[in-house]
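Trainee: If you're matching positions, the sequence shown starts at 1 in the working numbering and goes up one per residue.
Watch out, some of these pointers could steer you wrong.
As the list claims (entries may be wrong) - With a Cα cut of at most 20 angstroms, we get these calculated SDA-like pairs of lysine to any residue:
| hint | residue 1 | residue 2 |
| --- | --- | --- |
| 1 | Lys72 | Leu42 |
| 2 | Lys186 | Thr229 |
| 3 | Lys173 | Leu190 |
| 4 | Lys226 | Ile216 |
| 5 | Lys186 | Ala203 |
| 6 | Lys209 | Val193 |
| 7 | Lys176 | Ile216 |
| 8 | Lys118 | Asn157 |
| 9 | Lys49 | Arg59 |
| 10 | Lys173 | Glu138 |
| 11 | Lys176 | Gln147 |
| 12 | Lys69 | Lys87 |
| 13 | Lys87 | Glu138 |
| 14 | Lys209 | Gly192 |
| 15 | Lys173 | Val193 |
| 16 | Lys118 | Lys173 |
| 17 | Lys43 | Asn20 |
| 18 | Lys179 | Phe110 |
| 19 | Lys2 | Ser37 |
| 20 | Lys72 | Phe62 |
The set of hints was computed from the structure by calculation and includes no laboratory data.
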Amino acid sequence: MKTIVEKIIRLRNPGFCMDNCLDSRAILQLAWVQLWSFLRGLKVLLFLKPPKGMLLGKRVGFFNISKMKWGKFLRLGNDVYVSALAKEGIEFGDNVSIGAFSRIIVSTSFNNIGKRIKIGNNVGIGEFAYLGGSGGLEIGDECIVGQYLSCHPENHNYEDLETSIRHQGVNRKGIKIGKNCWIGSKVTILDGVEIGDGCILAAGSVITKSFPRNSIIGGVPAKLLKTRTHEYQTDHTGNLLCRESV
Numbered sequence: 001m002k003t004i005v006e007k008i009i010r011l012r013n014p015g016f017c018m019d020n021c022l023d024s025r026a027i028l029q030l031a032w033v034q035l036w037s038f039l040r041g042l043k044v045l046l047f048l049k050p051p052k053g054m055l056l057g058k059r060v061g062f063f064n065i066s067k068m069k070w071g072k073f074l075r076l077g078n079d080v081y082v083s084a085l086a087k088e089g090i091e092f093g094d095n096v097s098i099g100a101f102s103r104i105i106v107s108t109s110f111n112n113i114g115k116r117i118k119i120g121n122n123v124g125i126g127e128f129a130y131l132g133g134s135g136g137l138e139i140g141d142e143c144i145v146g147q148y149l150s151c152h153p154e155n156h157n158y159e160d161l162e163t164s165i166r167h168q169g170v171n172r173k174g175i176k177i178g179k180n181c182w183i184g185s186k187v188t189i190l191d192g193v194e195i196g197d198g199c200i201l202a203a204g205s206v207i208t209k210s211f212p213r214n215s216i217i218g219g220v221p222a223k224l225l226k227t228r229t230h231e232y233q234t235d236h237t238g239n240l241l242c243r244e245s246v
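Let the sequences and hints guide you as you build the complete structure.
Mentor: Written out as structure tokens, the structure is:
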């Protein structure tokens, strides 16, 4: 049984190896859960969409599924909701995993629909994530993300003191997260931010500005703590960005 389960999981994760401490009952339960996830994934055939090995938890919901694309072995945990009310839709790469109770929502307004959400290959996102895509959200390949990630690529206009803020409309720049980033739990990323490849975002950080590749970032609001290369020891992100462009 262990060998069979390992071979099946390696279709999605070639480097997977079962821990020797797992007993046969745990392995059997894992196989049972994965089987039902696979069978639930077949429901997208009702929308004339190929499942491509999709694994769905319980009570997963879709809105405007015609604007969604996914690669092989997309896994959505229990109670995940995906809404592709968007100009360009939602795209998941191969081997993407979204944790339980997460929300992937491009737009909530029908009078000003948003742009898109694009998630690259081999991306794992923890439970209770909120991924907004009104101004555009892109997450690069090979990113690993803790619980409660929150991305908000939109801001409300507020300059007119005589008009309610909710009636002043919004402005949108978008969020882009590079490849191979490690994002800790409870990180919030605001509109207009671009995170370079290979960055590490400390747990609980609020990211309000952009950072170049290989930065280690933390705080509220977040600042540069150091770089993975130890090349620049500075808190002045602007200087780093200038050096990156040289």
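Trainee: Hint by hint, say whether it matches the structure.
Mentor: Status of each hint after checking the structure:
About 13 angstroms separates the Cα atoms of Lys72 and Leu42, which keeps this hinted pair within 20 angstroms; it holds. A threshold of 20 angstroms between alpha carbons decides the hint, and for Lys186 with Thr229 the separation of about 25 angstroms lies outside it, so the pair is violated. The hinted pair formed by Lys173 and Leu190 meets the criterion: a straight-line CA distance of about 10 angstroms does not exceed 20 angstroms. Among the hinted pairs, Lys226 with Ile216 is consistent with the structure: their alpha-carbon atoms are about 5 angstroms apart, no more than 20 angstroms.
Annotation: proposed proximity of Lys186 to Ala203 holds, straight-line Cα distance about 6 angstroms (limit 20 angstroms). In summary, the hint linking Lys209 to Val193 is supported, as the alpha carbons are separated by about 5 angstroms, within the 20 angstroms threshold. For the hint pairing Lys176 with Ile216, the CA-to-CA distance comes to about 16 angstroms; that is within 20 angstroms, so the pair holds. Simply put, Lys118 and Asn157 have alpha-carbon atoms about 26 angstroms apart, too far for the 20 angstroms limit, and the pair is violated.
With a C-alpha separation of about 19 angstroms, the suggested pair Lys49 and Arg59 falls inside the 20 angstroms cut-off, and the hint holds. Restraint check for Lys173 and Glu138: satisfied, since their Cα atoms lie roughly 12 angstroms apart, inside the 20 angstroms limit. With a CA separation close to 19 angstroms, the supplied pair Lys176 and Gln147 stays within the 20 angstroms bound. Our distance criterion of 20 angstroms between C-alpha atoms is met by Lys69 and Lys87, whose separation comes to about 13 angstroms.
Simply put, Lys87 and Glu138 have alpha-carbon atoms about 15 angstroms apart, close enough for the 20 angstroms limit, and the pair holds. Annotation: proposed proximity of Lys209 to Gly192 holds, straight-line Cα distance about 7 angstroms (limit 20 angstroms). Proximity of Lys173 to Val193 is assessed by CA-CA distance (about 8 angstroms); at most 20 angstroms being required, the pair is judged to hold. Of the supplied pair hints, the one linking Lys118 and Lys173 holds, its CA atoms being roughly 15 angstroms apart against a limit of 20 angstroms.
Between the alpha carbons of Lys43 and Asn20 the distance comes to roughly 35 angstroms, so the proposed pair goes past 20 angstroms and is violated. Between Lys179 and Phe110, the direct Cα distance comes to roughly 32 angstroms. Violation of the 20 angstroms bound is thereby established for this hinted pair. A hinted pair counts as satisfied when its Cα atoms are at most 20 angstroms apart, and Lys2 with Ser37 qualifies at roughly 19 angstroms. The straight-line distance between the Cα atoms of Lys72 and Phe62 is roughly 18 angstroms, inside the 20 angstroms bound, and the hint therefore holds.
Figure legend: structure checked against the earlier numbered hints; hints not met, in rising order: 2, 8, 17, 18.
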